[in-house]
Amino acid sequence: MGTIKNLGPVLKPEDIFQEDDYGKPISEKLSEALRRNVNKNDYANIAIRSNVSFSTIRDVVYRTNSLTKVNANAILLLIHAAYENSIAYRLRAEGDMLYLNGLLKF
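In this note's numbering, the protein residues as written are 920 to 1025.
For the record, the hints were derived by calculation from the structure and aren't laboratory data. Some hints could be false.
[Unchecked claim] Straight line, CA to CA, 25 Å or less: simulated DSS-like cross-link-like pairs of lysine-lysine: (1) K988 <-> K1024; (2) K959 <-> K931; (3) K948 <-> K931; (4) K988 <-> K943.
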């Protein structure tokens, strides 16, 4: 089964972010979810696609830079990648659990 990462989300930044979200850091909860579920390749690919620098995206995720209308699309793409990655991590963990459980049964 293929990935939909390269298709991008159907949503627009204005569907996710409110006007008062701009000009301040993203929430701690969103920051944690993104940090757990994306890697440097996701940052790099999204930087290329969105014309927002890798360092700006990283700084928004780590809450040292604010969300702006310019970087909001990059963050939305990152949310999309994190969602897909979280599904893949869950499936991999479930497969590992089944395998390891089989090894532990005598």
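So, going through the hints one by one against the coordinates:
1. K988 <-> K1024: Violated, at about 54 Å.
2. K959 <-> K931: Holds, at roughly 23 Å.
3. K948 <-> K931: holds (20 Å)
4. K988 <-> K943: Roughly 11 Å between the alpha carbons, so the hint for K988 and K943 holds.
Taken one by one, the earlier hints fail for this structure only at number 1.
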